[in-house]
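Asker: Residue numbers (my numbering), protein chains in the order written: chain X, 1 to 261; chain L, 1 to 293; chain C, 1 to 363.
It should be emphasised that the hints constitute simulated quantities derived from the structure, not laboratory data.
Using N, Cα and C, we set each Cβ at its ideal position, and we do this for glycine too.
One should not assume that every hint holds.
[What the hints assert, rightly or not] Estimated spans, in silico, between C-beta atoms of each pair:
| id | chain 1 | residue 1 | chain 2 | residue 2 | range |
| --- | --- | --- | --- | --- | --- |
| 1 | L | Ile-55 | X | Arg-225 | 34 to 42 Å |
| 2 | C | His-89 | X | Gly-227 | 48 to 56 Å |
| 3 | C | Pro-267 | X | Gly-151 | 53 to 61 Å |
| 4 | L | Val-253 | X | Gln-63 | 23 to 31 Å |
[Claimed, not checked] With a Cα cut of at most 25 Å, we get these calculated SDA-like pairs of lysine to any residue:
| id | chain 1 | residue 1 | chain 2 | residue 2 |
| --- | --- | --- | --- | --- |
| 5 | C | Lys-167 | C | Asn-334 |
| 6 | C | Lys-355 | C | Gly-249 |
| 7 | C | Lys-129 | X | Leu-160 |
| 8 | L | Lys-182 | X | Pro-100 |
| 9 | C | Lys-289 | C | Tyr-307 |
| 10 | L | Lys-182 | X | Tyr-20 |
| 11 | C | Lys-250 | C | Pro-296 |
| 12 | L | Lys-239 | X | Met-223 |
| 13 | C | Lys-129 | X | Gln-173 |
[To be verified] Over 10 Å on every C-beta distance to chain C, these chain X residues come out as not near it, computed from the model:
| id | residue |
| --- | --- |
| 14 | Pro-13 |
| 15 | Tyr-24 |
| 16 | Pro-100 |
| 17 | Val-122 |
| 18 | Thr-131 |
| 19 | Gly-227 |
| 20 | Ser-244 |
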Amino acid sequence: MMGIRFMRRLVLPTFVASMYFFLYIPIAVLVVFSFNDSLFPFVWKGATLHWYKELWQMAEVWQAMRNSLIVAFSSVVLSLLLGLLTVYYSSRIFLSRFFPIFYGNLGAPEVVLAVGLLSFFVLFSVPLGLTTLIAAHTLIGLGYVIPMLHGRFSELDYGLIESSLDLGATHNQTFFRIIVPLMSPALMASGLLVFVVSLDDFIVSFFCTGATTQTLPLYIFAMIRSGATPVVNALSTLLLVISSILVLLFSVLKVKKMDVL
Amino acid sequence: MKKEAGLRAHIVNEFSFFWAIPAFIWQIMFFYVPLFFLIIISFMHSTDWSSWNQITLEHYVGFGRPMFAYIMLRSLLLAVVNAIICVLLAYPIAYYLSLCAFRWKNLLLFFLVLPFWTNFLVQVYAWFFVLERYGLVNSLLVYFGLISEPLSLLYTPFAVYLVMMYCYIPFAIMPIYSILEKFDRRLLEASSDLGATFWQTFWRVTLPLSASGIRTSFFMIFITSFGEFVIPDLMGGGKQMYAGTLISHYFLVERNFNVGAAYTVLAGVVLLVSVAIFNALFKRMFKNLRNGS
Amino acid sequence: MRSIRLEGIHKSFGGEKIVENINLTIPSGKFFALLGPSGSGKTTILRLIAGLEIPDAGRILLGDEDITQIPINKRRINTVFQHYALFPHMNVFDNVAYGLTVRGVAKDIIEQKVMRMLKAVRLEKQIYKSIQQLSGGQQQRVALARAIINEPDVLLLDEPLAALDLKLREKMLLELIDLQYQLKTTFVYVTHDQFEALTVADYMAIMNTDGEIEQFGTPKEIYEFPVSSFVAKFVGTTNLLEGILRLDGKEPQLEVEGLGGLAVNIPKDAAWATDGKNVLMSVRPEKIKMSKVALPGFSNELMGKVYTIVYHGQSTQYNIMLDNGFILQVFEQNEEHFPEDVIDYEDRVYLYWQKENVVLLER
Numbered sequence: 001m002m003g004i005r006f007m008r009r010l011v012l013p014t015f016v017a018s019m020y021f022f023l024y025i026p027i028a029v030l031v032v033f034s035f036n037d038s039l040f041p042f043v044w045k046g047a048t049l050h051w052y053k054e055l056w057q058m059a060e061v062w063q064a065m066r067n068s069l070i071v072a073f074s075s076v077v078l079s080l081l082l083g084l085l086t087v088y089y090s091s092r093i094f095l096s097r098f099f100p101i102f103y104g105n106l107g108a109p110e111v112v113l114a115v116g117l118l119s120f121f122v123l124f125s126v127p128l129g130l131t132t133l134i135a136a137h138t139l140i141g142l143g144y145v146i147p148m149l150h151g152r153f154s155e156l157d158y159g160l161i162e163s164s165l166d167l168g169a170t171h172n173q174t175f176f177r178i179i180v181p182l183m184s185p186a187l188m189a190s191g192l193l194v195f196v197v198s199l200d201d202f203i204v205s206f207f208c209t210g211a212t213t214q215t216l217p218l219y220i221f222a223m224i225r226s227g228a229t230p231v232v233n234a235l236s237t238l239l240l241v242i243s244s245i246l247v248l249l250f251s252v253l254k255v256k257k258m259d260v261l
Numbered sequence: 001m002k003k004e005a006g007l008r009a010h011i012v013n014e015f016s017f018f019w020a021i022p023a024f025i026w027q028i029m030f031f032y033v034p035l036f037f038l039i040i041i042s043f044m045h046s047t048d049w050s051s052w053n054q055i056t057l058e059h060y061v062g063f064g065r066p067m068f069a070y071i072m073l074r075s076l077l078l079a080v081v082n083a084i085i086c087v088l089l090a091y092p093i094a095y096y097l098s099l100c101a102f103r104w105k106n107l108l109l110f111f112l113v114l115p116f117w118t119n120f121l122v123q124v125y126a127w128f129f130v131l132e133r134y135g136l137v138n139s140l141l142v143y144f145g146l147i148s149e150p151l152s153l154l155y156t157p158f159a160v161y162l163v164m165m166y167c168y169i170p171f172a173i174m175p176i177y178s179i180l181e182k183f184d185r186r187l188l189e190a191s192s193d194l195g196a197t198f199w200q201t202f203w204r205v206t207l208p209l210s211a212s213g214i215r216t217s218f219f220m221i222f223i224t225s226f227g228e229f230v231i232p233d234l235m236g237g238g239k240q241m242y243a244g245t246l247i248s249h250y251f252l253v254e255r256n257f258n259v260g261a262a263y264t265v266l267a268g269v270v271l272l273v274s275v276a277i278f279n280a281l282f283k284r285m286f287k288n289l290r291n292g293s
Numbered sequence: 001m002r003s004i005r006l007e008g009i010h011k012s013f014g015g016e017k018i019v020e021n022i023n024l025t026i027p028s029g030k031f032f033a034l035l036g037p038s039g040s041g042k043t044t045i046l047r048l049i050a051g052l053e054i055p056d057a058g059r060i061l062l063g064d065e066d067i068t069q070i071p072i073n074k075r076r077i078n079t080v081f082q083h084y085a086l087f088p089h090m091n092v093f094d095n096v097a098y099g100l101t102v103r104g105v106a107k108d109i110i111e112q113k114v115m116r117m118l119k120a121v122r123l124e125k126q127i128y129k130s131i132q133q134l135s136g137g138q139q140q141r142v143a144l145a146r147a148i149i150n151e152p153d154v155l156l157l158d159e160p161l162a163a164l165d166l167k168l169r170e171k172m173l174l175e176l177i178d179l180q181y182q183l184k185t186t187f188v189y190v191t192h193d194q195f196e197a198l199t200v201a202d203y204m205a206i207m208n209t210d211g212e213i214e215q216f217g218t219p220k221e222i223y224e225f226p227v228s229s230f231v232a233k234f235v236g237t238t239n240l241l242e243g244i245l246r247l248d249g250k251e252p253q254l255e256v257e258g259l260g261g262l263a264v265n266i267p268k269d270a271a272w273a274t275d276g277k278n279v280l281m282s283v284r285p286e287k288i289k290m291s292k293v294a295l296p297g298f299s300n301e302l303m304g305k306v307y308t309i310v311y312h313g314q315s316t317q318y319n320i321m322l323d324n325g326f327i328l329q330v331f332e333q334n335e336e337h338f339p340e341d342v343i344d345y346e347d348r349v350y351l352y353w354q355k356e357n358v359v360l361l362e363r
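In isolation and in its complexed conformation, chain X is listed as follows:
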């Protein structure tokens, strides 16, 4: 039988390396060809920034990005706010046992969510647009925020809250001076997560925005559908860079989470 040594040193790393290779091939190709001076994919004709220039000039893209960012930021703010308040106050009055109702957002297929929301909005004649999208993304955001905040909150040293009150602080003061600072890594990490999820979201946006508004993923979808030029590559590369920065931030926050204890 194969020993641990063999598995560890050879087979496993090879497998993992090939998986990583597999994961990055398409992305690498995408990025490389965003610099290709040719319309025809995969025939390398020299490096150029032409497609990026074109991207820069496409007003619809920037409009779509603006929309995406508005939705993303609003969803983050709303879900963090609602999430934090709920996590803090629910645990006081035994409501936290009901938190599992939030897990449905992540558990159900997104189509179901999207379709439900669409019918709901149409049924009550709510005009579809950025606001409905923000509502939807906040909902999805709650599914991420509440478990993460609740987890962090449960780990908080209760003695700190008692200590703060013992020293004469009001509940409000305790909340803002002690609890929020100690929760901040979790707040930032979950906020970041919701931001990215919102930015990348396609399915719910597809159903719930209506004809007038465009978000970035929707725009990319349309571009792919209608026959793409390497401008899409350029846009994708740009998004990749943004994602990388965000992931970096997230990793840094994760490390910080451990520190503040």
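Fit chains L and C to the given chain X structure using the hints.
Answerer: The following block gives chains L and C in isolation, referenced to the frame of chain X:
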């Protein structure tokens, strides 16, 4: 726990309930209520409120047609196969990351999480590039003289399954990784110390203890893959219908919400039933595993 | 400074009774220790005084003021928690200043007071350090400073030295005594360590595992005159002899099986001390004199064989097996390096004590 009970007596002010509730209301209003209405609509004659008391099963006619069965089976197949493949591939990676790679762990994690945070349409589009007639794969094959004519890899079930797997693997790795991460390494040492080989340790110690991670991963992939419609649509060329494409078709193309709702409910039932079946299967499997295979 | 009074305090958690019918008066301006084994409810009483718990029944009074319903942050009582509960995201200065900051005290006054306090606990060089950089002893002093700076009526200390090593603990005990003496604040010190309690307390109370107060008094009263075998055994060590009280002879005697009659004194208001009753006698190991030769002038004389010898540096503990099989513990001070008269294993020795130095106990 004891301490909390006492402290609670103080922190419960009149506003506690008031502040805690909004998130719950939001959740109920935008998740549970819409689902509720979805079910209601499927039994309503039309989306016009005036017909609210006309309960009908007319929209469920599709259930009887064989086409529906094909679509459901196709989706289930995709979901199951994708889940199995993803979990099988994810496990070694998660294992390696959590238990083997010490020096480069953070770096590897970073690179693993990156695709996960990439816009998934970008990921799909990237595969277009790789698989199309003049894309990477074909060009390489032609260049090395292995084939003379480019293969049409795109718009095939192969493309669908491949890209599904690609997009879902990071999700599969996460639950397994988080379980293995908390794993007590000393159990492995103890097992080796007692004379077990790698495989023995794996089957008897590692696998049973990470079973819940595998289960979570499987169901997460299974459930979400079942409802997937973008990848089958883009990668499959829309030639075959899946559960997701069926539903979106009725909602966005036909604009018949009632029928769409009916299909959603039906698909939901199919999903729930299959989840229950798989759950029972898992329980059996893990029971055998626990009782020393 | 005001005294604390607990009247008829009851507290249960989830159906389980923690403390019942507690009546306690803690004199103001004194160092009070609450001693008891784990699970005796002593921490609960502390938390009740602090306001972290509300009693199911009874009242808590600070001087004449009924503070039972006053919330924790409004009581002029501060706590030093067992694991300090220092705010990890603040440095030493901010931690100590917290109580003043939240009450809106002016910045310059805060600065002044904090600096003075830090000097008092010898932490003036660590002002801006984060608390993770401090040692256990330093953290403990920050916790102390943070509480005292608010000039509370009462300072509560929940086993504050539990996390420190022995030498540091001994040092801190003396510092605490000093501090209390200077501040004249009432200190309420909860511990399960009877050595700590005896060291610091002006007054102390012992709690048993049923959540009741067994005895209240000065350390000396409690040690020398315990009211029950529980107290006698918990505070220090003792030898408990069981026997039948005989009052019919010339002098009161305790008839112990196999040892005959031992001379005893009847405690003053002991209505339970009746003839023929089964009672206990407590004689502390240090009160017993051991000798190889017979000595005159003692109320009681017994003989036994040396069974175990344990060397404790300062003293030596001897376990002597009496003629009835009972093992008596004896402590002797090691007064000289090499005494002439060495008592060794298996030696037959005489054991003496005065009847004034034993305590008769009902239970």
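Asker: Give a verdict on every hint.
Answerer: Here's how the hints hold up against the structure:
no. : hint                                 : verdict
1   : L/Ile-55 with X/Arg-225: 34 to 42 Å  : holds (39 Å)
2   : C/His-89 with X/Gly-227: 48 to 56 Å  : holds (54 Å)
3   : C/Pro-267 with X/Gly-151: 53 to 61 Å : holds (60 Å)
4   : L/Val-253 with X/Gln-63: 23 to 31 Å  : holds (26 Å)
5   : C/Lys-167 with C/Asn-334             : holds (22 Å)
6   : C/Lys-355 with C/Gly-249             : holds (16 Å)
7   : C/Lys-129 with X/Leu-160             : holds (19 Å)
8   : L/Lys-182 with X/Pro-100             : holds (23 Å)
9   : C/Lys-289 with C/Tyr-307             : holds (16 Å)
10  : L/Lys-182 with X/Tyr-20              : holds (23 Å)
11  : C/Lys-250 with C/Pro-296             : holds (20 Å)
12  : L/Lys-239 with X/Met-223             : holds (20 Å)
13  : C/Lys-129 with X/Gln-173             : holds (23 Å)
14  : Pro-13                               : holds (37 Å)
15  : Tyr-24                               : holds (39 Å)
16  : Pro-100                              : holds (24 Å)
17  : Val-122                              : holds (48 Å)
18  : Thr-131                              : holds (37 Å)
19  : Gly-227                              : holds (54 Å)
20  : Ser-244                              : holds (29 Å)
Going down the numbered hints, you'll see the structure goes against none, and every one checks out.
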